[in-house]
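2 protein chains.
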Amino acid sequence: MTSTKDKTAITPTRENDYPEWYQQVVKASDLAENSPVRGSMVIKPWGYGIWENIQRQLDDRIKETGHENAYFPLFIPLSFLEKEAAHIEGFAKECAVVTHHRLEEKDGRLIPAGPLEEPLIVRPTSETIIGDSFSRWVESYRDLPLLINQWANVVRWEMRPRIFLRTTEFLWQEGHTAHATHEEALQETMTMLEVYRSFVEDVLAIPVIVGEKSPGERFPGAENTFTLEAMMQDRKALQSCTSHYLGQNFAKGSNIRFSNMEGQLEYAYTTSWGMTTRLIGSLIMCHGDDDGLRLPPRIAHKQIVIVPVIPKPELEAQVLEYAENLAAELRKQIFYGKPLTVHIDKRDKRGGEKNWEWVKKGVPLRLEVGPRDINEQAVMVARRDQSPKNKQSLPKQQFVQQAASILEDIQRNYYVQAATYRDQHIYRHLETFEEMRAFFTPKNEEKPEIHGGFVLAKWCGDPVTEEMLSDLKVTIRCLPVKQSGTKGRCILTGREATLDAIFAKSY
Amino acid sequence: MTSTKDKTAITPTRENDYPEWYQQVVKASDLAENSPVRGSMVIKPWGYGIWENIQRQLDDRIKETGHENAYFPLFIPLSFLEKEAAHIEGFAKECAVVTHHRLEEKDGRLIPAGPLEEPLIVRPTSETIIGDSFSRWVESYRDLPLLINQWANVVRWEMRPRIFLRTTEFLWQEGHTAHATHEEALQETMTMLEVYRSFVEDVLAIPVIVGEKSPGERFPGAENTFTLEAMMQDRKALQSCTSHYLGQNFAKGSNIRFSNMEGQLEYAYTTSWGMTTRLIGSLIMCHGDDDGLRLPPRIAHKQIVIVPVIPKPELEAQVLEYAENLAAELRKQIFYGKPLTVHIDKRDKRGGEKNWEWVKKGVPLRLEVGPRDINEQAVMVARRDQSPKNKQSLPKQQFVQQAASILEDIQRNYYVQAATYRDQHIYRHLETFEEMRAFFTPKNEEKPEIHGGFVLAKWCGDPVTEEMLSDLKVTIRCLPVKQSGTKGRCILTGREATLDAIFAKSY
Chain U
98 MTSTKDKTAI TPTRENDYPE WYQQVVKASD LAENSPVRGS MVIKPWGYGI WENIQRQLDD
158 RIKETGHENA YFPLFIPLSF LEKEAAHIEG FAKECAVVTH HRLEEKDGRL IPAGPLEEPL
218 IVRPTSETII GDSFSRWVES YRDLPLLINQ WANVVRWEMR PRIFLRTTEF LWQEGHTAHA
278 THEEALQETM TMLEVYRSFV EDVLAIPVIV GEKSPGERFP GAENTFTLEA MMQDRKALQS
338 CTSHYLGQNF AKGSNIRFSN MEGQLEYAYT TSWGMTTRLI GSLIMCHGDD DGLRLPPRIA
398 HKQIVIVPVI PKPELEAQVL EYAENLAAEL RKQIFYGKPL TVHIDKRDKR GGEKNWEWVK
458 KGVPLRLEVG PRDINEQAVM VARRDQSPKN KQSLPKQQFV QQAASILEDI QRNYYVQAAT
518 YRDQHIYRHL ETFEEMRAFF TPKNEEKPEI HGGFVLAKWC GDPVTEEMLS DLKVTIRCLP
578 VKQSGTKGRC ILTGREATLD AIFAKSY
Chain W
98 MTSTKDKTAI TPTRENDYPE WYQQVVKASD LAENSPVRGS MVIKPWGYGI WENIQRQLDD
158 RIKETGHENA YFPLFIPLSF LEKEAAHIEG FAKECAVVTH HRLEEKDGRL IPAGPLEEPL
218 IVRPTSETII GDSFSRWVES YRDLPLLINQ WANVVRWEMR PRIFLRTTEF LWQEGHTAHA
278 THEEALQETM TMLEVYRSFV EDVLAIPVIV GEKSPGERFP GAENTFTLEA MMQDRKALQS
338 CTSHYLGQNF AKGSNIRFSN MEGQLEYAYT TSWGMTTRLI GSLIMCHGDD DGLRLPPRIA
398 HKQIVIVPVI PKPELEAQVL EYAENLAAEL RKQIFYGKPL TVHIDKRDKR GGEKNWEWVK
458 KGVPLRLEVG PRDINEQAVM VARRDQSPKN KQSLPKQQFV QQAASILEDI QRNYYVQAAT
518 YRDQHIYRHL ETFEEMRAFF TPKNEEKPEI HGGFVLAKWC GDPVTEEMLS DLKVTIRCLP
578 VKQSGTKGRC ILTGREATLD AIFAKSY
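Protein chains in written order, with the working numbering: chain U, 98 to 604; chain W, 98 to 604.
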């Protein structure tokens with residue numbers, strides 16, 4: 098490492114312009130791009146590989162907890178939304194509306210034709226259409242609990258789209274369950290919250306605060322919304338999964354009734370819970386650095402990349418053979434329950450160029466092998482959690498044996514770095530609204546520097562007071578599940594208050 | 098087995114009313130149901146489990162052949178379709194059209210608002226939107242081949258929907274590739290056709306005829322369309338995957354150009370290939386019998402179901418323990434490269450009722466274990482490829498050792514049965530159009546009995562002659578890749594002809 102400031106692979110740096118840094122990382126790591134359809138993104142193979150890995154690992158956990166996958170229609174009849182007053186308020190105003198089912202040619206142009214009797218909405222979420230099925234599937238308490246999950250695309254019209262973070266179309270899973278009792282449904286809500294927490298912390302290495310949403314931030318129609326709040330490196334919060342207890346509200350709207358053990362008809366208690374491609378945005382902003390993406394090894398779809406160094410064409414066969422053997426040995430090693438994933442980059446490009454590509458793409462371990470390494474039966478190892486220039490020659494056998502534990506070390510480092518950063522920026526000393534205003538006001542209003550953080554303070558719990566925050570562009574992110582139980586003064590009103598709340602700007 | 102005709106689990110039987118039998122099997126096996134959105138289905142967990150298994154196994158093969166998954170927008174700008182004249186002809190007339198992006202409340206109703214400047218089409222297929230990305234991703238021959246696959250939902254408006262077979266929304270994978278040469282792209286088309294063939298025959302146990310589509314049946318805009326044609330038990334054909342060589346047609350429409358080794362700009366050669374949830378319809382109609390679904394073991398997501406027999410409550414613990422141990426031992430056995438999937442049905446229902454449910458759902462092996470079996474360390478085994486009443490007691494250890502090979506036997510039987518049935522109904526003796534008309538005319542026009550089959554006959558190759566067939570509701574299903582090379586007379590025109598063609602009614 099040099100003492101002078103190194104040039105970074107990403108321009109601008111996080112410090113110089115965080116929003117632009119984010120866009121540049123997305124581009125440099127080849128994760129996704131904007132499409133010609135405003136607000137919709139193209140998820141490129143490197144980004145989709147992360148999503149597939151998220152899907153596979155989360156899906157296993159969803160199934161282990163007794164849920165089954167199913168698939169429901171993309172289109173929802175307008176009348177279904179009309180039934181759900183709270184839902185309309187929350188979603189209907191930002192929907193894609195299908196009004197025609199045919200196109201006709203006229204003067205070389207295509208004109209919508211075949212108007213629908215009832216317009217259809219492209220699902221913004223599936224409570225109503227799944228509720229309709231549940232109303233048919235549930236008759237008796239014997240049919241409960243009903244534990245269903247769906248992997249799907251959903252659409253919520255975005256006026257200010259931002260790749261992964263706010264896109265008109267995004268991918269997600271949505272769990273929907275129905276239960277015979279309030280207690281069981283609430284238990285399910287908490288079980289899935291814990292499934293999410295362990296997945297996000299253990300696999301994505303993103304530390305989160307587990308909490309409940311305040312009334313103003315609840316899912317429309319829910320009794321309780323629970324959330325995982327993560328801190329990005331600009332100290333804003335990003336909600337990284339939610340789990341909702343819906344009480345009997347949606348069961349009443351969809352007529353999900355069952356005859357209980359006494360033979361009486363009762364409305365079921367339902368839950369829903371979801372995780373989206375937004376989480377990839379969280380991954381970028383939580384772990385990325387000024388050289389690009391940094392993928393936690395447990396979610397990286399290529400954990401190790403080998404770049405063969407071929408100084409002369411006649412050495413190519415020998416170097417590639419060495420690389421293939423190394424890859425084969427590494428693939429026999431087990432990391433987090435699966436064989437290591439190893440990629441050999443055989444492209445016809447200069448080694449330095451390849452190396453920087455993999456730095457920017459965030460591959461946890463980069464290996465170089467060339468004639469000298471063959472002579473020494475060694476391998477040149479670079480870790481993404483260290484400076485890009487930091488390379489170490491290790492005996493090949495030693496490296497093969499240690500590879501999995503090095504990856505575990507990187508995984509742990511990312512988590513610890515993120516948790517340390519977050520903990521440094523949780524502020525507990527603020528006492529008044531004016532202090533909070535000052536805290537959340539950047540010095541440079543035109544082009545705000547990184548500022549603010551999570552303010553942990555007392556709140557009186559009066560929903561009306563949440564409106565005071567909109568002016569600061571701050572919201573109550575959550576009431577942490579772990580409450581201190583102490584008494585104090587509400588930071589918004591000065592009233593006596595017991596609730597601990599996290600206040601922050603957010604994505 | 099009894100000599101009198103047994104009552105069947107499905108009414109009507111295939112022979113009595115094949116279309117209605119199909120609907121009843123879908124219902125009885127709990128695969129899917131119609132939704133309130135006309136033409137859209139709900140794929141229930143039992144059906145979706147099959148789809149997940151199809152996805153996982155086909156996806157492995159798609160990746161093994163060098164392709165990567167990505168995700169492209171659901172919405173396609175109208176102008177993209179206008180660019181593709183052939184495409185419009187083929188798809189644009191049956192599209193869902195999004196014209197508004199907001200809903201507003203008016204007198205308690207929701208009214209579409211926020212009209213779009215340019216309407217959006219819900220993708221019927223993604224050639225144009227993926228082509229747009231390819232035009233940006235491809236610059237030089239070094240960027241080729243570009244090998245991309247997408248798993249997605251697509252929408253083609255259906256006026257006469259039928260579950261799995263013709264639904265407005267369906268799920269599929271669509272591969273899209275770009276190449277530097279005609280030869281390489283054609284090779285890709287054939288490689289993927291073979292991937293499909295081996296998957297459909299080896300995993301789904303559906304025998305297929307591999308062939309090329311005639312011009313009248315080609316994908317709009319393709320140079321060549323290759324297909325796998327399977328015969329259902331009503332002797333109609335079902336196209337079970339297609340692979341298209343698109344030449345430079347779509348590359349020109351989407352401006353996918355690369356500079357070749359000589360530095361000249363050239364249009365790329367592209368392919369596309371797809372497989373859909375329709376294949377589940379094929380699975381039902383190829384293997385189902387009058388007792389319901391029959392799932393080939395390699396695609397069944399539950400290969401073995403254990404029904405505990407508990408004559409007295411005090412025996413429950415003992416029987417369940419025996420069942421759990423049996424399941425654990427079976428799960429250590431490997432079938433088709435994976436541990437056996439075993440489900441214990443602990444529901445509070447009568448054993449006979451459970452047994453028939455699993456018959457109808459098509460589980461390959463049903464086991465019963467009760468106190469007597471515990472005493473004898475045995476297990477009662479019923480195979481879905483035999484009569485539902487046919488049960489055999491086997492020593493437990495022997496069964497555990499043999500389970501995988503019994504499943505292989507069932508897999509093979511399904512394939513052989515389907516191939517035998519098909520081969521019995523390939524007719525080679527027809528020589529004239531009038532003979533063909535008679536052959537494809539049912540005795541009962543009102544409610545057609547099972548009739549017809551695959552007619553293998555000579556065809557002169559003149560596209561105009563295909564129109565003669567529409568009157569018979571027959572099409573040329575394919576020109577088999579394996580051509581006999583013999584000469585003869587065209588069955589449509591009597592002209593001299595060399596091509597072998599398969600004529601049939603189809604789904």
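Warning: the hint list may mix true and false statements.
Any copy will do: because identical chains look the same in the list, a pair fits if it lies in one copy or spans two.
[Said to hold, decoys possible] Below, computed lysine-lysine pairings styled on DSS-like, alpha-carbon distance capped at 27 Å:
(1) Lys160 to Lys451
(2) Lys349 to Lys203
(3) Lys203 to Lys180
(4) Lys540 to Lys429
(5) Lys160 to Lys399
(6) Lys399 to Lys435
(7) Lys190 to Lys203
(8) Lys446 to Lys488
(9) Lys584 to Lys349
Calculated directly from the structure, the hints in this document are not laboratory data.
Please sort Lys190 with Lys203 into within, between, both or neither, judging by C-alpha distance up to 27 Å.
Only across copies: Lys190 and Lys203 sit 13 Å apart there, 32 Å inside one copy, limit 27 Å.
Up to 27 Å between alpha-carbons, please classify Lys446 paired with Lys488: within, between, both or neither.
Answer is within: at 20 Å inside a copy they meet the 27 Å cutoff, but 64 Å across does not.
Within, between, both or neither: how does the pair Lys160, Lys399 come out at a Cα-Cα threshold of 27 Å?
both (25 Å within a copy, 14 Å between copies)
First find the shortest C-alpha distance between Lys540 and Lys429 inside one copy, then the shortest across copies, and answer within, between, both or neither for a cut-off of 27 Å.
neither (54 Å within a copy, 64 Å between copies)
Under a CA distance limit of 27 Å, which applies to Lys160 and Lys451: within one copy, between copies, both, or neither?
between (39 Å within a copy, 23 Å between copies)
From the Cα coordinates, with 27 Å as the cut-off, is the pair Lys203 and Lys180 best called within, between, both, or neither?
Classified as between; 14 Å across copies, 38 Å inside a copy.
Checking Lys349 and Lys203: alpha-carbon separation at most 27 Å within a copy, between copies, both or neither?
between (47 Å within a copy, 24 Å between copies)
Intra- versus inter-copy proximity for Lys435 and Lys399 (alpha-carbon distance at most 27 Å):
Close inside one copy (12 Å) and across copies (23 Å); limit 27 Å.
Is the C-alpha distance from Lys584 to Lys349 at most 27 Å within one copy, between copies, in both cases, or in neither?
Close neither inside one copy (38 Å) nor across copies (70 Å); limit 27 Å.
The structure shown violates the earlier hints numbered 4 and 9.
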